[in-house]
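The task is simple: from the sequences and hints, build the whole structure.
2 protein chains.
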Amino acid sequence: DQPAAEAERPAGNMNTDDQSAQSEEPQSRVPGPPGAHFTPAGSHCSSSVSLCAPPPLLCFRSHCSAMNGVPQRGKLLTLDNMNPKVKRVEYAVRGPIVQRAVQIEKELREGVKKPFTEVIKANIGDAHAMGQKPITFLRQVLALCSYPELLKDNQFPEDAKKRAQRILEACGGHSIGAYSASQGIECIRHDVAHFIEKRDGGIPSNPDNIYLSTGASDAIVTILKLLVSGEGRDRTGVMISIPQYPLYSAALAELDAVQISYYLDEDKCWSLDVKELRRALYAARQHCNPRVLCIINPGNPTGQVQSRQCIEDVIRFAKEENLFLMADEVYQDNVYAEGCQFHSFKKVLFEMGPEYSSKVEMASFHSTSKCYMGECGFRGGYMEVINMDPEVKAQLTKLVSVRLCPPVPGQALLDLVVNPPQPDEPSYATFMKERTAVLAALAEKAKLTEQIFNTVPGITCNPVQGAMYTFPRISLPQKAIDKAKEGQVPDMFYCMKLLEEEGICLVPGSGFGQREGTFHFRMTILPPTEKLKLVLKKIKDFHLRFTKEFS
Amino acid sequence: DQPAAEAERPAGNMNTDDQSAQSEEPQSRVPGPPGAHFTPAGSHCSSSVSLCAPPPLLCFRSHCSAMNGVPQRGKLLTLDNMNPKVKRVEYAVRGPIVQRAVQIEKELREGVKKPFTEVIKANIGDAHAMGQKPITFLRQVLALCSYPELLKDNQFPEDAKKRAQRILEACGGHSIGAYSASQGIECIRHDVAHFIEKRDGGIPSNPDNIYLSTGASDAIVTILKLLVSGEGRDRTGVMISIPQYPLYSAALAELDAVQISYYLDEDKCWSLDVKELRRALYAARQHCNPRVLCIINPGNPTGQVQSRQCIEDVIRFAKEENLFLMADEVYQDNVYAEGCQFHSFKKVLFEMGPEYSSKVEMASFHSTSKCYMGECGFRGGYMEVINMDPEVKAQLTKLVSVRLCPPVPGQALLDLVVNPPQPDEPSYATFMKERTAVLAALAEKAKLTEQIFNTVPGITCNPVQGAMYTFPRISLPQKAIDKAKEGQVPDMFYCMKLLEEEGICLVPGSGFGQREGTFHFRMTILPPTEKLKLVLKKIKDFHLRFTKEFS
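Chains as they are written, first to last, in full-length UniProt numbering: chain A, 1 to 551; chain B, 1 to 551.
Hints listed in this document are in silico derivations from the structure and should not be mistaken for laboratory results. The structure presented is a predicted model; accordingly, all values stated were derived computationally and were not measured. Take these hints with a grain of salt, some might be off.
A pair holds if it fits inside one copy or across any two, identical chains being indistinguishable in the list.
Restricting the straight-line Cα-Cα distance to at most 30 Å, the calculated cross-link-like pairs of lysine-lysine (DSS-like) are [unchecked claim]: (1) 133 / 162; (2) 162 / 106; (3) 433 / 483; (4) 113 / 268; (5) 152 / 433; (6) 275 / 133; (7) 162 / 152; (8) 85 / 198; (9) 106 / 198; (10) 483 / 347; (11) 106 / 161; (12) 359 / 479; (13) 540 / 133; (14) 540 / 114; (15) 538 / 113; (16) 114 / 162; (17) 85 / 359.
Spelled out as C-alpha cells, the structure:
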C-alpha cells in the first residue's frame, strides 16, 4: 500500500519556494500524521467558484467527498513527491496578487463594500482587456477565414477578402480547422521572411529559418529546451537580465538549467553594460557551463530601448564568449522616447560583417500579443533561427512536430501583422489611422507615467522608452520592511496593501528580480489615458499615506 | 575558444535514435575533423523551400553563408552537445515519411512524372484536410466572436449571436484578443462541467477541476510534468499501451521518465487485459517507480472501444496498485461498431462507489480536434482532474499560468462543442444534420475499411470499433525484411515504397510500437468514401505486388 501521508501545512504563497533549493523540499516542512486531512477553514462544500485561486480560496468538491463517510487517505500525488522542478517554477505576473484581485472583483460583484468600485488590473500587458479596440482589418480577415461564406458578402473590403482567400488556400481542405505544417503554414513563413527583410533593410531572411509558434513564450521555451544539457558543473547556464520577464526564470527552473543573473543599470535608464555581462559570466563559469545569453529589447519590465552601439557590444561579447543569443523582440513597434529607435539584433549582426553574420548563432522572437495589435488571446508568434546547425534544426523541427502545430487562427493573424494593407489597398487608410492612434496614445501615456511618478517623493521612475511597462523604484520605510518580513517580501506587502486599499493590481518588483535592498513594482501603461491618470493619482496618494503610516 | 568540431555524418532518419540510450550518444558516432563542413550533396544555395523537411531536403541559406569566403567553424549548438532528452524524442505521425510525402507533392506541382497525380495523406487524423466541411454553427459563432460588428447582421441565427455575445462578455474588454484566465474562461469551464455531468448521467463535475488547454496534447504533457520525479530506480514509470499514440513516448523521453509498455491483445480486437497490465507493472517495479497508467479509449491507433467491464477492471487495478490514471478520451463521440458504447472513466469510477470515487486520482482529456467537428487547427481542449491533492492543484494552476492562457478562439470553439444548439433553437436542425452526416459517414467507412482489408491475403484487420484509424497487420516476406534491414525497419520500407509507387502516405506500425516480429501500419478512415475506396484498392494492389516481388 501507498505509505504517503498528507501534509498539514499552512496554505501559503505558492510562489515562495526557494529557487536555489535542490530537488528536495526544505527539512523544516514537517509532514502531518498519516491520514491527516487538510481543510482550509470555511472553504469546503461552498458552491462558489473563483478563477485560478490558490487553495484557501477554492472549493474542492471532490476533496470534500471525504465528508461522505469515507475516510480520506493520503494522496498518490502530493507536494512532497511531485516534480521538484515544477515546484521551483515561479511566475509573478499571474501570482497570488492577481488571484487576490480576482477574488476582490468577485466580492465587489457580491456587494461587499470596498473603498473602490472596480479593480484595475495593471499587472499584465493585456491591451484589449484595458479597452484597446482590435484593429478592424485583422478581425475582418479572421472572420472571413472562420466562416468563408462571408466572402460573398459585400460589406468586406476586397483586400480583406484577398488575404483571407490566400490564407485559406494554404490550409488543408481550405479550412483553418486543419492542422498546419508543424513549422507553420508555408506561405505565412514566406510572408514573415519578407517582413523581416523589409524591416532589416534588405538583409535576407530564409523562410526555412522561420518557425511559427503559440505566442513568443512557446518559441522561447522550445529554444531553451534544445540548449539545456549536462549535470553538476556541466549544467547549461543561461544569462538573463535582472529585472527580467519571469517566463525565463520559470523555464529555467522547469528545465533544471542554471540562471545566471546580470543586472541592468537603473541609474543609466536600465541600460546594459557589457562589463556587467562579463562579470556575471566569469563568476558563473566557476559552477556551470554558460551557453546562452537572453536579451529583451525593448525591455520588459524596464522599458529601455537598447542603442545600436549596445547591441553591437552584446553581439561581440556573445561571439567572443561562445554564447547562443536569444533576442526577445516582441515590443519592436513599441518605441516612444525621442532619439530611441528599434534595432533588430539580426540587422546589427549582419551589418557587422560576415565574420559575425556567418558565425553567431541566434534566435529572435516576435509575437502578435504586443505592439499596436495587442492580440494576446490568439497566441500567435514566430521565431527566426540564424546560423543554427542543420542537424540541430532537424531536431527542432522534430520537437515542434510532437505538438502538431501552432493555433491556425493565430498563424492567420500573424500573417496580417507581417503583411498589412498596402497604400494602394482599400483598408490602408483605416488601418494606418487605427495603428497610429494606438501607438500615439501609448507614447503619450509613457511620458505621463514618468512625469507623474517623478513628482512623488519616494518614487523614482526612469523614462518609459519603449514596451508597455514602467518599473519605478519605491523607497519603503524601515518599519514597513520590518512589518512585511513577518510574512512577505516588502514589495509584495506594499502591492497587496495597494490592492486592498485602492483596488489597483500591480506586480511587486521581487517577481522580476531587483538589486538587494531595492524595491520596485511593474505597472502597465495600457489603461486609457483618463483611467491611467486616476491610477497614477491613487498610487501617489497611497504611497504618501503608506510612507506616513510606517514612518 | 570553442573546441567544438562539426560532425560529418550521413543525414539519416531523424527518428531512429535508440530510445533506451542514456544521455550520451553511442560511441560509434565519430566526430569529423575540426572545421569539417557538412554539406548535403546538391542541397545548398537552391532557392527552393519545403515544409518540415529533414536536412537532405532543405536549403540552409545561412549555412551556405560559409561559401562567402569565410571559413565555417564548429557550431556552438550541435547534435553532440544539445539536450539528449530532446534527441530521444520520436514522433512518427509527422516523421520522415510525411516529409517525403510533402516533397513528392512539390515534385508533382513542378511537373515531375509519377505513377499517380496526387498524394493522399492518410497518416494523420485531420478531418478538414480530408475534405470534411466545418460545422456551420461553430464557424458562425467564431466569425461573430472575431468581428463583433457582424452581430448587427441579419444573416446570422439568433442562437449563434447569443452564444457569441455570452463568450465575448466573459472576455477581458469583450475581446477574444485578451488573455483569459490561465485555467480557461470561467463560464466555459462551467459549460464543460455541465457537459460532463450530462454525459455522465448526473455525476457532479466541478468547474474548478476543469483546465482548458491547447489541444489535448498540451494537457497530457502538463499532467505528466507534475508526476515525473526521481533518479535511478526511483524514476517515475508511466504505463502506456503498445501500440500507443506517440505523443506519450515522446513526452516521456523529453521528461526523462521510464516508459512501461503493456501490450493490447490484437487477437481479441486490441482489447486490454488486466493480467497484462499486472505483468508489465511487476516487471517495471524492478527498475523504476511506476506511478501512472495511461489509457486511450477509444483507441489510437487501434480503434478499439473498451467495455464497461474492462474499464472497471482497470480502475480497480489502478486503485490496488496506487497508480494515477490518465484517460485519453478524445474520440468519445467516435464509436461505430454495434454493441459498442463509450463509457467515460469518470462515470464508471463514480458508479463503483465512494471507496473508488473518493480515492482514485485521475485526469481525463478531451479535444475539439476529433469527433464530428475535427477542428484540429484551433487547438482547443480540456482536462478534468479528479481527487487531485489541493496543493498539487495549486501547483498545476501555477504551472499553466507561465504560458498565460490557451488560445481563446479554441476556448470559444470548445464552448460550442460542450454547449451545442438545443432542440428549441434555430440552428438545431442544421447542426444535427451536419453532425449526424459526419458520424454516419465515418461509421460506414470504418466498416468498409475492415471489409476490404480482410479480403487481401496477407492483411488482417480488426474491426474499427471507434476513433478514426485502422491498424491492420501485414505479413511481409522474409526477403523484404532482409532487404529493409539494410537501412530501415521493414514496415517503414513497406510504407515508403507504397508512398513512392502509389502516392499514399501511411504511418508504419513501428512508430506506434508493436509486438516483435509483427508489422502494421496506421491509416485514417477520413478520406471521402469514394477516395477511401480508391486508397484501399491501391493498397491492396500494392500489397499483392510487394508480396510477389519479394517472394
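Status of each hint after checking the structure:
1. 133 / 162: For residue 133 and residue 162, the Cα distance is within 30 Å both inside one copy (23 Å) and across copies (21 Å).
2. 162 / 106: between (45 Å within a copy, 24 Å between copies)
3. 433 / 483: neither (51 Å within a copy, 66 Å between copies)
4. 113 / 268: neither (44 Å within a copy, 65 Å between copies)
5. 152 / 433: both (27 Å within a copy, 24 Å between copies)
6. 275 / 133: neither (43 Å within a copy, 60 Å between copies)
7. 162 / 152: Both, since 12 Å and 23 Å are each at most 30 Å.
8. 85 / 198: Classified as neither; 42 Å inside a copy, 38 Å across copies.
9. 106 / 198: between (48 Å within a copy, 27 Å between copies)
10. 483 / 347: neither (50 Å within a copy, 51 Å between copies)
11. 106 / 161: between (42 Å within a copy, 27 Å between copies)
12. 359 / 479: Classified as neither; 54 Å inside a copy, 48 Å across copies.
13. 540 / 133: within (29 Å within a copy, 57 Å between copies)
14. 540 / 114: Intra 19 Å, inter 74 Å, cutoff 30 Å: intra-copy only.
15. 538 / 113: Within one copy, since 18 Å is at most 30 Å while 73 Å is not.
16. 114 / 162: neither (52 Å within a copy, 33 Å between copies)
17. 85 / 359: This pair counts as between: shortest inter-copy Cα distance 26 Å, intra-copy 34 Å.
Checked against the numbered hints listed earlier, the structure breaks hints 3, 4, 6, 8, 10, 12 and 16; every other hint is satisfied.
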